[in-house]
Amino acid sequence: MSLQTELTPGADIHHIHNTAPQAETVLTFKLADETFGISVGMVAEIIDPQKTTRVPNANALAPTLINVRGSIVPVIDLRFRLGMRPAEQIHTTRMLVLETKMKGETAKLAVMVDEVEDVIDTTTAELDTVPELGIRWPADCFRGVAKRDDTLVILIDADNAFALPVQ
Amino acid sequence: MNTPADTFLQEAVELLQSLEEVLLELEQAPQDAERIDAAFRALHTLKGSGDMFGFGALAAFIHHFEDAFDQIREGHAQVTPDLIAVSLDSRDHLGALLALGPNAELTASMAQTDEQLLARLALLKGASPQTAAPDQPAAATTEPTDQTSHLRQWHIRFSPEPGALKNGFRADLLLAEVAQLGALEVSCVTDHVPAIEDLDPAECYLAWDMTLTSEAERSRIDDIFIFQMDAELTITDVTPAPDQAPPQTGAPATTGDKPVQAEQGAAKSDSVRVQAHRLDDLMDQLGELVIAQARLKSIAESLDDTRLETTVEEIDALVTGLRDTTLSIRMLPLSIVFGKFRRVVRDLSAELGKPATLITEGGDTEVDKNIIDSLTEPLVHMIRNAVDHGVENTETRTASGKPEAATIRLGARQSGGEVLVTVADDGAGLDTNAIRRRATERGLITEDQDLSDDALHQLIFEPGFSTADSLTSVSGRGVGMDAVRRVVDDLRGTIDVKSHPGAGTEVTLRLPLTLAIIDGLLVTVDGDPFVLPLSSVEECVDLPESENGREEGRSILRIRDQLVPYLSLDTLFGYDASAKPGRRVAIVNAEGQRIGLVIDDVLGQLQTVIKPLSAYHRMVEELAGATILGDGAVALILDVNALVRRTGTNSLIAA
Numbered sequence: 000m001s002l003q004t005e006l007t008p009g010a011d012i013h014h015i016h017n018t019a020p021q022a023e024t025v026l027t028f029k030l031a032d033e034t035f036g037i038s039v040g041m042v043a044e045i046i047d048p049q050k051t052t053r054v055p056n057a058n059a060l061a062p063t064l065i066n067v068r069g070s071i072v073p074v075i076d077l078r079f080r081l082g083m084r085p086a087e088q089i090h091t092t093r094m095l096v097l098e099t100k101m102k103g104e105t106a107k108l109a110v111m112v113d114e115v116e117d118v119i120d121t122t123t124a125e126l127d128t129v130p131e132l133g134i135r136w137p138a139d140c141f142r143g144v145a146k147r148d149d150t151l152v153i154l155i156d157a158d159n160a161f162a163l164p165v166q
Numbered sequence: 000m001n002t003p004a005d006t007f008l009q010e011a012v013e014l015l016q017s018l019e020e021v022l023l024e025l026e027q028a029p030q031d032a033e034r035i036d037a038a039f040r041a042l043h044t045l046k047g048s049g050d051m052f053g054f055g056a057l058a059a060f061i062h063h064f065e066d067a068f069d070q071i072r073e074g075h076a077q078v079t080p081d082l083i084a085v086s087l088d089s090r091d092h093l094g095a096l097l098a099l100g101p102n103a104e105l106t107a108s109m110a111q112t113d114e115q116l117l118a119r120l121a122l123l124k125g126a127s128p129q130t131a132a133p134d135q136p137a138a139a140t141t142e143p144t145d146q147t148s149h150l151r152q153w154h155i156r157f158s159p160e161p162g163a164l165k166n167g168f169r170a171d172l173l174l175a176e177v178a179q180l181g182a183l184e185v186s187c188v189t190d191h192v193p194a195i196e197d198l199d200p201a202e203c204y205l206a207w208d209m210t211l212t213s214e215a216e217r218s219r220i221d222d223i224f225i226f227q228m229d230a231e232l233t234i235t236d237v238t239p240a241p242d243q244a245p246p247q248t249g250a251p252a253t254t255g256d257k258p259v260q261a262e263q264g265a266a267k268s269d270s271v272r273v274q275a276h277r278l279d280d281l282m283d284q285l286g287e288l289v290i291a292q293a294r295l296k297s298i299a300e301s302l303d304d305t306r307l308e309t310t311v312e313e314i315d316a317l318v319t320g321l322r323d324t325t326l327s328i329r330m331l332p333l334s335i336v337f338g339k340f341r342r343v344v345r346d347l348s349a350e351l352g353k354p355a356t357l358i359t360e361g362g363d364t365e366v367d368k369n370i371i372d373s374l375t376e377p378l379v380h381m382i383r384n385a386v387d388h389g390v391e392n393t394e395t396r397t398a399s400g401k402p403e404a405a406t407i408r409l410g411a412r413q414s415g416g417e418v419l420v421t422v423a424d425d426g427a428g429l430d431t432n433a434i435r436r437r438a439t440e441r442g443l444i445t446e447d448q449d450l451s452d453d454a455l456h457q458l459i460f461e462p463g464f465s466t467a468d469s470l471t472s473v474s475g476r477g478v479g480m481d482a483v484r485r486v487v488d489d490l491r492g493t494i495d496v497k498s499h500p501g502a503g504t505e506v507t508l509r510l511p512l513t514l515a516i517i518d519g520l521l522v523t524v525d526g527d528p529f530v531l532p533l534s535s536v537e538e539c540v541d542l543p544e545s546e547n548g549r550e551e552g553r554s555i556l557r558i559r560d561q562l563v564p565y566l567s568l569d570t571l572f573g574y575d576a577s578a579k580p581g582r583r584v585a586i587v588n589a590e591g592q593r594i595g596l597v598i599d600d601v602l603g604q605l606q607t608v609i610k611p612l613s614a615y616h617r618m619v620e621e622l623a624g625a626t627i628l629g630d631g632a633v634a635l636i637l638d639v640n641a642l643v644r645r646t647g648t649n650s651l652i653a654a
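So the protein sequences, as listed, match chains A and B.
Under numbering that gives the first Met the number 0, think of the first position of the first sequence as 0, with each following residue one higher.
Under numbering that gives the first Met the number 0, think of the first position of the second sequence as 0, with each following residue one higher.
It should be emphasised that the hints constitute simulated quantities derived from the structure, not laboratory data.
Just so we're clear, the structure is a prediction, and the values are computed from it rather than from any experiment.
Hints are all accurate, no fakes.
Pairwise CB distance ranges (calculated):
id, chain 1, residue 1, chain 2, residue 2, range
1, A, His-90, B, Ala-576, 29 to 37 Å
2, B, Asp-600, A, Arg-93, 29 to 37 Å
3, B, Asp-303, A, Met-83, 43 to 51 Å
4, B, Asp-600, A, Met-83, 29 to 37 Å
5, A, Glu-104, B, Asp-280, 14 to 22 Å
6, A, Arg-93, B, Ser-297, 23 to 31 Å
Even for Gly, the Cβ is constructed at its ideal location relative to N, Cα and C.
One chain only, chain A, in its complex shape (with noise of 0.2 Å):
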């Protein structure tokens, strides 16, 4: 199954230094042994996995819903829209409830992680571009790389990674 998304795919990832250097907080997670971060600005907060209702016919990006707190919130399939395999839910597996604007409105949504890290501190002078040999997932849902101790930490560029799919 291939998934658009409606910004242009391959977003220019190879501009990022073009404005000054800012202060970023990012929480990393893993997911299927890579260290990924997101802006924590976005990250509403963290909970246990919950239990998912599978909505029928809906797009595999977001197969399934969950209940935080009388919301109902889509659980995005991270690993489906990075080309990753499924996997099962471990000890460590936590859900990360993100919010965005979308549309000029902010909602909610849930990305299940393997296991959440840290918080760390960067900037985006320190950012790489991301070495595209080097990844086999789409280019469009990262802004860079940042390096952290001898591990590299893959910044997810939450508007292109969570984009509504177009029908």
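With chain A fixed as given, assemble chain B onto it according to the hints.
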């Protein structure tokens, strides 16, 4: 936001609205004294309060305007088509003056309109003495006659004796008789109605409170109740003393209009103006309450404590009552919207030279306020289209033996959980050939594409389909029809188009009654809970084992000699086909036909607070929303109409 000035503006708009309706009614019934009074009253109130809030120009204009009606009241003049025309234009002018705001200068064009209208009014006034009563002086008196002074107000409390019904007592006839005496307000007293198990259906437990404003003597009221010897009856005179008449908000207390105000005060005292957002807040909190109640119920069930369970049951009943009351507060009669269209049709028919009358039916059908608010625009489009494109010109009509004046029917009725709003004309019907030609030109369909008439009719809702050019008088109906569809889609409704060539077109909007809470039937499909709107479920039957697991062939059940096609929800949802024994079929009424939906089990009935789905899931048409169950799990609410539409049951039935 609720300053007195705002209140005045709000009331002024309403007054102008009712003035318009009264004028249009007067056009039909020029002798109706009650309507003439109503028009005068509206103007007089507006004049007084307008002056107070700095609308001097408005008040000055009304002063002359109301003169015309005063003369009619006095019998010095009569309602003529001219007068109605001037009055309607004057009404619009008043609207413009209001929109200008307080203490504003008139624009040049408005001042001109002002003068012209005053001249037309003066002309009518000048002409009036000859038409009516030549022996009366023509001078206009601004003092209204004291014709309401002998109006009395009676409070009547009537409780029939319990056995009255057995003796053939009919409350409706009796109340109607009282109503003939004057303006009557009735409320039913249900305090003595016992619990259902103690209720004897043959006994009368009801009583009525009435407030009658009438010129009638006490003896005439007594006469009506003369055969109710055993009933409890109290009749008290509650006519307000002239000096204690409750002053209308913002209206000046000039001596002349006191009786008028007293009457209005009485009519309005039992309603309260509430800001719409407070109702929304109430609704939100109620929604949370319903969910919390469901949670409480499931906890009580697991604890197995009788005392707790009784209390929970009580709360359950209270919440249901509270829900119904809250929903009913939000329900408004469609006549609010319908009223506006008589003017639309009147003006359009004059403008296009096509005589047309609007007949409205079912205006008392009640719909959620939010739905009403969004309905005006689509209905305007639909009615404009009906008059403009649907109705043929007079020559064509006469040639085909139709009455010269076209009839536009605007109707509403409730059907299950839906409200059907229909706009029908007796014009030429849709020209499917022209639609096909146009759609092909626009590349919407290919030339050789085989489409049913229904599918062709749906094309008129395509954006920009049939702009002003070639199609108009032939079949038209594209102007803004995409806007109609957008609004209806947003309301989770659907549109049906029926065309009878040569006999007219009928466009029906199917809308849900409410957007917030519905009664649902909780079912399971492959272990997942789903909610079917109870209003669309007709019955549940067992799936015959012979049909279970059937993958091919006809999916038709025979239910009491009726063949009902059915769909299996698990296959429809792409779930593993279940062949477990004891599956059930919910027979629903969708798109006007009975369809069976195969489910695993029915769990029960529940109140469902509809939560909207996220943007990721909104495009799944067969889902109407989601709801949170007592245990915190989420159940999806199915839109059976969309479900059936998507699967194309026509082919199912044909199969």
